[in-house]
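> Sequence:
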Amino acid sequence: MAEDESEDEEPAVELGTGEPVDGVPLAQVSARLMWGAKKSYIQQREGDTVVRTPDGPQELGDVLDEVEETYFQRRQEFEEAVREVVGTGPVPLAE
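Numbering follows full-length UniProt numbering, in which position 62 of the sequence shown is assigned residue number 62; successive positions increment by one, without gaps.
Any given hint could be a false lead.
Claimed, not checked - DMTMM-like cross-link-like pairs, simulated, lysine to aspartate or glutamate; straight-line CA separation at most 20 Å:
1. LYS38 x ASP48
2. LYS38 x GLU68
3. LYS38 x GLU77
4. LYS38 x ASP62
5. LYS39 x GLU79
These are computed hints drawn from the structure, not numbers from a lab.
Use the sequences and the hints to build the structure in full.
This is the structure in structure tokens:
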């Protein structure tokens, strides 16, 4: 494909000015951390971070209080443990 052809194409996903959503995605938080990580380290570093959940925004520290695991070898283990507490599904829009 020629360079000038790519400039004429529309973006694959159009970003709009839709309704805001409170909190940050869990994946954004887990991307900022190094793995393996102790739960206490995550609580200290990211505990005040508000994450998006199906029940509305929640502080990650409060969610982690309900998680039984104390160490996460991989990012996926952490995200799975958090999702077991908060659930999965659509995230409500900000009010």
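> None of the hints should be skipped; say for each whether it holds.
Outcome of the hint check:
1. Between the alpha carbons of LYS38 and ASP48 the distance comes to roughly 16 Å, so the proposed pair stays at or under 20 Å and holds.
2. As the CA atoms of LYS38 and GLU68 are separated by approximately 12 Å, the hinted pair is consistent with the 20 Å bound.
3. With a C-alpha separation of about 12 Å, the suggested pairing of LYS38 with GLU77 holds against the 20 Å cut-off.
4. For the suggested pair LYS38 and ASP62, the alpha carbons sit about 16 Å apart, so the restraint of at most 20 Å is met.
5. Proximity of LYS39 to GLU79 is assessed by CA-CA distance (about 12 Å); at most 20 Å being required, the pair is judged to hold.
In summary, this structure violates none of the numbered hints.
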